[in-house]
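Q: Chain by chain, the residues:
There are 6 protein chains.
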Amino acid sequence: MSVYAGFPATLNAMATLVEVLKESGKTLSKVAVHAGSAGRYERGKEWLSRIAPHQEQVLKDTFDTINPDITRYVIEFGYGDIYARGILPIRNRQAATIAALAAKGTAPSQLRFHIGGGLKAGLLEAEIIEIMLLISLYAGFPAALNGILATREVAAAREGL
Amino acid sequence: MSVYAGFPATLNAMATLVEVLKESGKTLSKVAVHAGSAGRYERGKEWLSRIAPHQEQVLKDTFDTINPDITRYVIEFGYGDIYARGILPIRNRQAATIAALAAKGTAPSQLRFHIGGGLKAGLLEAEIIEIMLLISLYAGFPAALNGILATREVAAAREGL
Amino acid sequence: MSVYAGFPATLNAMATLVEVLKESGKTLSKVAVHAGSAGRYERGKEWLSRIAPHQEQVLKDTFDTINPDITRYVIEFGYGDIYARGILPIRNRQAATIAALAAKGTAPSQLRFHIGGGLKAGLLEAEIIEIMLLISLYAGFPAALNGILATREVAAAREGL
Amino acid sequence: MSVYAGFPATLNAMATLVEVLKESGKTLSKVAVHAGSAGRYERGKEWLSRIAPHQEQVLKDTFDTINPDITRYVIEFGYGDIYARGILPIRNRQAATIAALAAKGTAPSQLRFHIGGGLKAGLLEAEIIEIMLLISLYAGFPAALNGILATREVAAAREGL
Amino acid sequence: MSVYAGFPATLNAMATLVEVLKESGKTLSKVAVHAGSAGRYERGKEWLSRIAPHQEQVLKDTFDTINPDITRYVIEFGYGDIYARGILPIRNRQAATIAALAAKGTAPSQLRFHIGGGLKAGLLEAEIIEIMLLISLYAGFPAALNGILATREVAAAREGL
Amino acid sequence: MSVYAGFPATLNAMATLVEVLKESGKTLSKVAVHAGSAGRYERGKEWLSRIAPHQEQVLKDTFDTINPDITRYVIEFGYGDIYARGILPIRNRQAATIAALAAKGTAPSQLRFHIGGGLKAGLLEAEIIEIMLLISLYAGFPAALNGILATREVAAAREGL
Chain W
1 MSVYAGFPAT LNAMATLVEV LKESGKTLSK VAVHAGSAGR YERGKEWLSR
51 IAPHQEQVLK DTFDTINPDI TRYVIEFGYG DIYARGILPI RNRQAATIAA
101 LAAKGTAPSQ LRFHIGGGLK AGLLEAEIIE IMLLISLYAG FPAALNGILA
151 TREVAAAREG L
Chain R
1001 MSVYAGFPAT LNAMATLVEV LKESGKTLSK VAVHAGSAGR YERGKEWLSR
1051 IAPHQEQVLK DTFDTINPDI TRYVIEFGYG DIYARGILPI RNRQAATIAA
1101 LAAKGTAPSQ LRFHIGGGLK AGLLEAEIIE IMLLISLYAG FPAALNGILA
1151 TREVAAAREG L
Chain E
2001 MSVYAGFPAT LNAMATLVEV LKESGKTLSK VAVHAGSAGR YERGKEWLSR
2051 IAPHQEQVLK DTFDTINPDI TRYVIEFGYG DIYARGILPI RNRQAATIAA
2101 LAAKGTAPSQ LRFHIGGGLK AGLLEAEIIE IMLLISLYAG FPAALNGILA
2151 TREVAAAREG L
Chain S
3001 MSVYAGFPAT LNAMATLVEV LKESGKTLSK VAVHAGSAGR YERGKEWLSR
3051 IAPHQEQVLK DTFDTINPDI TRYVIEFGYG DIYARGILPI RNRQAATIAA
3101 LAAKGTAPSQ LRFHIGGGLK AGLLEAEIIE IMLLISLYAG FPAALNGILA
3151 TREVAAAREG L
Chain U
4001 MSVYAGFPAT LNAMATLVEV LKESGKTLSK VAVHAGSAGR YERGKEWLSR
4051 IAPHQEQVLK DTFDTINPDI TRYVIEFGYG DIYARGILPI RNRQAATIAA
4101 LAAKGTAPSQ LRFHIGGGLK AGLLEAEIIE IMLLISLYAG FPAALNGILA
4151 TREVAAAREG L
Chain F
5001 MSVYAGFPAT LNAMATLVEV LKESGKTLSK VAVHAGSAGR YERGKEWLSR
5051 IAPHQEQVLK DTFDTINPDI TRYVIEFGYG DIYARGILPI RNRQAATIAA
5101 LAAKGTAPSQ LRFHIGGGLK AGLLEAEIIE IMLLISLYAG FPAALNGILA
5151 TREVAAAREG L
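These protein sequences, in sequence, are chains W, R, E, S, U and F. Just so it is clear: in the first sequence, position 42 is 42 by the working numbering, and no numbers are missing. Positions in the second sequence are counted from 1; adding 1000 to them yields the working numbering. Positions in the third sequence are counted from 1; adding 2000 to them yields the working numbering. Positions in the fourth sequence are counted from 1; adding 3000 to them yields the working numbering. Positions in the fifth sequence are counted from 1; adding 4000 to them yields the working numbering. Positions in the sixth sequence are counted from 1; adding 5000 to them yields the working numbering.
You can trust all of the hints, since none of them are fake.
Restraint-style ranges between C-beta atoms, simulated for each label pair:
#: 1; chain 1: R; residue 1: Pro1053; chain 2: W; residue 2: Ala52; range: 38 to 44 Å
#: 2; chain 1: R; residue 1: Ala1052; chain 2: F; residue 2: Ala5032; range: 22 to 28 Å
#: 3; chain 1: R; residue 1: Ala1052; chain 2: E; residue 2: Ser2049; range: 40 to 46 Å
In case anyone wonders, no lab produced these hints; they're calculated from the structure. Just so you know, even glycine gets a beta-carbon here, dropped at the ideal spot from N, CA and C.
Work out the full structure: start from the sequences and follow the hints.
A: So this is what it looks like as structure tokens:
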């Protein structure tokens, strides 16, 4: 049974919902929060802009000349469906994404993008460094150190250094 | 320069510190929060118990007969050094660990352990399911679905089903 | 510019299109073949049934009790968007999927599922064995041998042995 | 029991054989198609040239000064034994190889080489893009997007752009 | 220039050669030690027996019914070409193999096989445990702990417990 | 029960100990060789210098400006705890590390560092090339060839070419 009639305008409404459900003991996980079939692109474009204001255009500039469907899938499914699910604030989503990409170690440019997205969404550089240090336990020191160096590079670029 | 004189007794002190530093604009990431050389095992044992109350004994029962140093390293470095660093609440550490292990897909039993640790530390099952859905974007659907199934199994076992 | 007005009913139309475009020198890759926003679930359900006739129900039985959105995403995006793209016959899609999963070695149950899907879609067991032998060159012998054993198990089960 | 007396001169003979076996119900997979112990290097050199006409020389130029056995193993086993097995046309072998390397994400230069090999062997750029989009489902979007960018770069270089 | 006229009968000759070359300053790495095209299967069978006396038969029993070429490739290339290269004693080859498989974490049964092969070839269980502890630094604790448990299981089975 | 009263000054003492224990049949693996809590940094700094004389300073120059704890963890745990464990000579530790990193393929700069460390610790370039050729069997040719190229580059740089 879905308790949502549409896409919440703010994160506050979602946070309140989570607290209410926690206190009421309802099994939140069984609640469908699929954001719906309509307006997936526009919704995705809005969520993507919260971690990188111009990224929709960057994606189009990079991929439209290869095939116009590529950016559509990333924005519709990645951001319009998954990121729009609420429950987890966008800052926590970025933290999980950063951890996953740092642990895998196979996508350095996307790791940099999401470190930037995390900083934009409110993570501190220090918090991202902590995630990387944790990665030393689960993927080894090379993955952790490479993640730390990436974090400093991205943070420095954002500081205009 | 380290701003800590010792290991903070509660998470609240750490949270306050983070807010103060954020507001003062100090670069928190440059602050050393190494928890010190003394009492690493005891400190680690305490942090480990926050995600799994009996895990120190489980580790000793499993590994002492192979070599008594194994549990020492896990507890001293993993929990006594890294988990004890503060900055990131233990619930967030578990979220990052869960994301990393689910994305890698090479350690199912440790993934299960940390899902349990996450639930113990205050993550909702729904929040962990959200992490797994995010993993579909960064490691593919098989990793995500396997993580979802693990989450439900661990949560069910904790509910005594 | 999209050359499709809707979802082709048969693979033959797609094959003809590919040949026409090849001969005319048009850059096929720039042709958008996004199957459209409407009816993604039904379309996905139909494509999924081509590799496993009852899998939609299996997914719902497995995941609906955890969260009803999970099966929706797999079917809507995985099969309704990606598998429905044409260009590559479903048998070739299964071959690529089998190669990817065998090379990664992190999702044995999904590998088995897609080996079965490949056989259903018209791949010969011998052709799948050839893919696995190729995997020895790109992911090593353990991945190849594990893939070969999985292929034989799935084929045997389908033969009713 | 091997049905081959030697190495088939053309792919057509192999295709015919596959069809005959399919129709006769024989279990093709149990047919040994080991191309034999003699002439492995020459046979491998010929198969390698079908995906990259000058690659034998490139391998020798790169590796002979390190150790002359390296190129021998790649050509003898990789191409003289595995690629020479028939059953799967070389274009399909390249498709599987591309899928495996894109999913792993750990060998970008070899992925580029085999994308080029695939185009040489008759795959369309559009078909390779489809494989990469499929990879988004099994290894995540970063792997898929990196594969797509590699595909366009290699195709552009071949077009002399 | 190859200094070998054929396959050395014992490891002692190889060890002596290595020492002579080290002392004379010759660049050993440029020395081709390809063991030759003749007798690859018999040579491979003999090398394989040094780590597992009955493994050739186990491979044939497992794979011949799937395709008789599989065991041929493993034995001819894996053991007849690569393991037969000398330079590195078989015990050191097993140590490197164990490290690689433990770090990858994707092939538990092959990891167990090669732990057994390492013990057979003269590695101590303690030495293998040391490799696994090193793996904690380069692939994380889960990989290390899983490798340690596998080592103890295999060693215990060999002790008849 | 620990048979060590402190940190052995030379490797010879360790080698002797291993032989004595082997002959006496004692189960070496159950012997704790934890190097102790005191002086971990200094001990680690000394072990690290055996594979790279100036690396402690390189680590500090790279990471202290990000967070001074990073280098402490690498040196204290990586080298002061794990590398200091004896049992396995440092040359064998480097061989295992090289195998692990080459097989994973996700940390090229750390692979280069440890190839250099291996050469410093007494491995021959030829021995490292042999490890890479073995990697072809367990992680595929791309990993092996990339490892071989890295080995030659590092060796060449050390020869001043």
